[in-house]
Amino acid sequence: MSRALVLLAVLAVLLAALPAVAGPYALSVATLILYFAYTGQAWNVMMGFAGQLSLGHSLYVGVGAYVAGGIFFHWGIGPWAGVWLAILACVVFGLVIGFLAFRFGISGVYFALLTIAFAEFTRIGFDHLGWTGGPGGMFLKVAQRDTWDVLNFRGPPLMYYYAMLFLAIAAFIGCFLLLKSKAGYYWQAIRENEEAAQALGINTFRWKMLAVVISSAMTAVAGVFFAFYYNNLFPEQIFHISRSIEIILGPIIGGVGTLFGPILGAAVLTLLSDGITELLAAFGWEIPGIKQVFYGVVLLAVVMFLPHGIWPALARKLRL
Amino acid sequence: MILEVKNVSKSFRGLRAVKDASFELSDGEINGLIGPNGAGKTTIFNMIAGVYAPDTGSIVFEGKRIDGLRPDQVCNAGIGRTFQIVKPFAGLSVLDNVMVGAFLKERTASAARAQSVSILKKLNLEAKTNLPASSLTLPDRKRLEVARALATRPRLLLLDEVMAGLRPTETDQMVQVFRDINRAEGLTILLIEHVMRAVMALARHIGVLHHGEVIARGTPEEIVRHKAVLDCYLGEETEL
Amino acid sequence: MSADLVANVVIAGVLTGLVYGLMALGLSVIFGVVRVVNFAHGEMMTIAMYATTILFAALKLDPFLAAVPVAAAFFVFGYGLQKALINPFITRPEHSQFMLLVAVAIIMVNGLLMAFGPDARNVQVDYQLESFEIGKLLIDKARLYAAGAAVLTATALFAFFRFTLTGKAIRACADNYLGAKVVGLDVKHLYALTFGLGAICVAVAGCAMVVLVDVTPGLGPYYTLLAFVIVIVGGLGSMGGALLGGVLIGVSEALAGLFIVPSAKSMFSFGLLILVLLLRPQGLLGRKA
Chain A
1 MSRALVLLAV
11 LAVLLAALPA
21 VAGPYALSVA
31 TLILYFAYTG
41 QAWNVMMGFA
51 GQLSLGHSLY
61 VGVGAYVAGG
71 IFFHWGIGPW
81 AGVWLAILAC
91 VVFGLVIGFL
101 AFRFGISGVY
111 FALLTIAFAE
121 FTRIGFDHLG
131 WTGGPGGMFL
141 KVAQRDTWDV
151 LNFRGPPLMY
161 YYAMLFLAIA
171 AFIGCFLLLK
181 SKAGYYWQAI
191 RENEEAAQAL
201 GINTFRWKML
211 AVVISSAMTA
221 VAGVFFAFYY
231 NNLFPEQIFH
241 ISRSIEIILG
251 PIIGGVGTLF
261 GPILGAAVLT
271 LLSDGITELL
281 AAFGWEIPGI
291 KQVFYGVVLL
301 AVVMFLPHGI
311 WPALARKLRL
Chain B
1 MILEVKNVSK
11 SFRGLRAVKD
21 ASFELSDGEI
31 NGLIGPNGAG
41 KTTIFNMIAG
51 VYAPDTGSIV
61 FEGKRIDGLR
71 PDQVCNAGIG
81 RTFQIVKPFA
91 GLSVLDNVMV
101 GAFLKERTAS
111 AARAQSVSIL
121 KKLNLEAKTN
131 LPASSLTLPD
141 RKRLEVARAL
151 ATRPRLLLLD
161 EVMAGLRPTE
171 TDQMVQVFRD
181 INRAEGLTIL
191 LIEHVMRAVM
201 ALARHIGVLH
211 HGEVIARGTP
221 EEIVRHKAVL
231 DCYLGEETEL
Chain C
1 MSADLVANVV
11 IAGVLTGLVY
21 GLMALGLSVI
31 FGVVRVVNFA
41 HGEMMTIAMY
51 ATTILFAALK
61 LDPFLAAVPV
71 AAAFFVFGYG
81 LQKALINPFI
91 TRPEHSQFML
101 LVAVAIIMVN
111 GLLMAFGPDA
121 RNVQVDYQLE
131 SFEIGKLLID
141 KARLYAAGAA
151 VLTATALFAF
161 FRFTLTGKAI
171 RACADNYLGA
181 KVVGLDVKHL
191 YALTFGLGAI
201 CVAVAGCAMV
211 VLVDVTPGLG
221 PYYTLLAFVI
231 VIVGGLGSMG
241 GALLGGVLIG
251 VSEALAGLFI
261 VPSAKSMFSF
271 GLLILVLLLR
281 PQGLLGRKA
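Chains as they are written, first to last, in the numbering used here: chain A, 1 to 320; chain B, 1 to 240; chain C, 1 to 289.
Where hints are given, some of them may not hold.
EDC-like, lysine to aspartate or glutamate: derived pairs with alpha carbons at most 16 Å apart [claimed, not checked]:
id, chain 1, residue 1, chain 2, residue 2
1, A, Lys180, B, Glu106
2, B, Lys87, A, Glu195
3, C, Lys265, A, Asp127
4, B, Lys6, B, Asp67
5, B, Lys19, B, Asp231
Derived, one-sided and incomplete: chain C residues facing chain A with beta-carbon distance under 10 Å [as the list claims (entries may be wrong)]:
id, residue
6, Arg92
7, Leu112
8, Ser266
Quick look at which bits of chain A chain C covers, simulated, 3 or more residues with Cβ under 8 Å [said to hold, decoys possible]:
id, region
9, 94–106
10, 117–130
11, 193–199
12, 301–315
To be clear, the hints were calculated from the coordinates, so they are not data collected in a lab.
Cβ atoms here follow ideal geometry from the backbone N, Cα and C, with glycine treated the same way.
If we strip away everything but chain A, and leave its shape as in the complex, we get (with noise of 0.2 Å):
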């Protein structure tokens, strides 16, 4: 494991310097990159680590970026305590949606579902919230994008970018310490076999509603990147399905369950499919969708050939 924690260290100073080299196009594509690879993450804990399957992610998003933003926007009050609120409001939701789950013995497809109904019930929901601007969004006033007003969260993508790259790794690392824990193996344990894990003195329920926890309040903090660096926030988007399957697609093409695989899957996909869609438009071809499609046939390719990711199969080639 050593050697992936080398591994890792090039990749950040490597990433760190990045911004010297690269274009503002380029430092974008790298923020949305590290954002999905720190979403993955998160989504990580409880698929990879508890086995809970959640396809309502987007719930976390949308909640901490509109609780943050909210107040914000009315408010004036500042992401670092705003930040705590949206935590606060994901963990909450996260609690809700854990405690239905186990109490009731809900896993599998049926676990999916309840997220995705949880994720949709408040996407409809914050359409007809007034407070949130209902339908037609939330805008943040964008201020000025030269100097960087850290308190507010608010200067140039470069500010925004190694915000993004500070909580990646800090996932990364997290992710790493976590596992190397009792939580870690108990959460494996739970997730191998429910049954013989309880019958080692285990209580899973309470570690899965950990791992929701976690989870949640990781993603909560994504959200509220979200809202600070896009400053508009539409409940149709941000709720959405797709956003739910665009934090998932990372982790699942990169290796559910691995350190490096949310971040390996948000590079490939994000640069594939960027790729993909700057070579058509060079030949004319602007087509809405095709990114997508490119999306679903990656996925369709990974899932099928390579079921548990890239990242294990590249890890043995590097003999990590």
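Following the hints, position chains B and C against chain A.
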């Protein structure tokens, strides 16, 4: 008495699985529970282990009632168990499997690892430490199951037909392992078994179940001569 | 709010609900037998709807007549999909199968977007604006025909499963995969057949639906979720349950649209799904697992 099962009954949708069963286990002894299939042995096990609660009666472990507790609570109280159909954590290594058990009592990963390594040694699984559990043969899986349960430092170990499917030499090896652990640590063991070779070799006292009722209790010598036991289960040709 | 208005809304809800029910029936059959979560179900329905618009535009073919060729094509497609893509996945972990169909769904939805663009399409037949009058009640002709097609198809399917040997064989596979194999049933072929049958349901439902609503690519995910809600509410493995669930959802959506804000009507469906998952996971008519 480390464990007292008192007048325990359990029915499943009208079918009486266990009827007014009582027995006690002395601290530090190895005890056997035998009987024909369907006699209710695993049901009693599962009631002790917390998988379900008895309809009536009580189960007292070290002076405290444990009937109705969840399986994880029962384990925390000091009772470990294995499963009749083994349930390894297939995707984890042998060592990691045992570590999951060790984490119950150990605080850090390194302490858990040290504890697990020593247990694997005791069960002759040292050579397979880093192999994935899914690659093990059945006898090794059974040993892993025992190792994992032992890692939780139980004071009572419930073994559910752990000898099933083992060859005579393998059975003898397991018997030796249990004898050693029992002698060295004073671990109380209760085993459900069909393999008479093992039960007779290990158990100080044996209880016999038939149709959910305890029909005989005593030492192995007494049991093999007990008329009711011979009639329902052992037959005339049993050797010690 | 007059009783007549409510009655008309309820009737409309029942009729639309029967079409939903047929769609869900397809899913119930697929999910119940092959145990595959067809996440692309709604997308398949959307494709059927688009196919009908094309046939209508090109050949002036009435949607209900178009249902025949569309259903036939869908049967072949469904059979092929199961045989080629899904069958190898039977032994894989659940979330793998799920992801496979999510991928198919993504390709379908966006393929439609690429081919047809985001604007809505529909068919314009004369009877869409006509209705039957029974006393004070108004029954839309289009809706009645749609519901009729749904009930007809459902009945045919029911008869197939009840009275034919193949139907019984499929039910055997659903009950016991290994047992079916042991008695020599070609399970893979039967699974593919089942998927094909489910696809037929979706096709007919789509042809019927496009007479009632406009079609956009985004309808796919919505119908998929709706199908799942109906199947779970009505009960997995129960054909009657699928139809009953469909009617229930149809009526509740119609009433919600009348009494609450129309755009919030799906909220009710999702709320119902959550309740059912928690309180009665086997659904109204399903068997306990």
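Hint check results:
1. For the given pair, A/Lys180 sits about 14 Å from B/Glu106 by alpha-carbon distance, which is consistent with the 16 Å threshold.
2. With a CA separation close to 8 Å, the supplied pair B/Lys87 and A/Glu195 stays within the 16 Å bound.
3. Our distance criterion of 16 Å between C-alpha atoms is met by C/Lys265 and A/Asp127, whose separation comes to about 12 Å.
4. Taken as a hint, the B/Lys6 and B/Asp67 pair is honoured in the structure, with Cα atoms around 10 Å apart against an allowance of 16 Å.
5. Between B/Lys19 and B/Asp231 the alpha-carbon distance is near 20 Å, which puts this suggested pair outside the 16 Å criterion.
6. Proximity of C/Arg92 to chain A holds as hinted, the smallest CB-CB distance being about 7 Å (cut-off 10 Å).
7. Taking 10 Å as the C-beta cut-off, the interface hint given for C/Leu112 holds, the closest approach to chain A being about 8 Å.
8. Restraint check, C/Ser266 versus chain A: the minimum CB separation of about 6 Å is within 10 Å; hint holds.
9. Under the rule that three or more residues need a Cβ within less than 8 Å of chain C, the assignment of the region 94–106 of chain A holds, with 3 such residues.
10. Residues of the region 117–130 of chain A with a Cβ under 8 Å from some Cβ of chain C number 8, which satisfies the need for three, so the listed coverage holds.
11. Look at the region 193–199 of chain A against chain C: 0 of its residues bring a Cβ nearer than 8 Å to a Cβ of that chain, fewer than three, so the hint is violated.
12. Judged by the Cβ-Cβ criterion of 8 Å, the region 301–315 of chain A is covered by chain C as claimed, because 3 of its residues qualify and three suffice.
When held up to the earlier numbered hints, the structure conflicts with 5 and 11 and fits the remainder.
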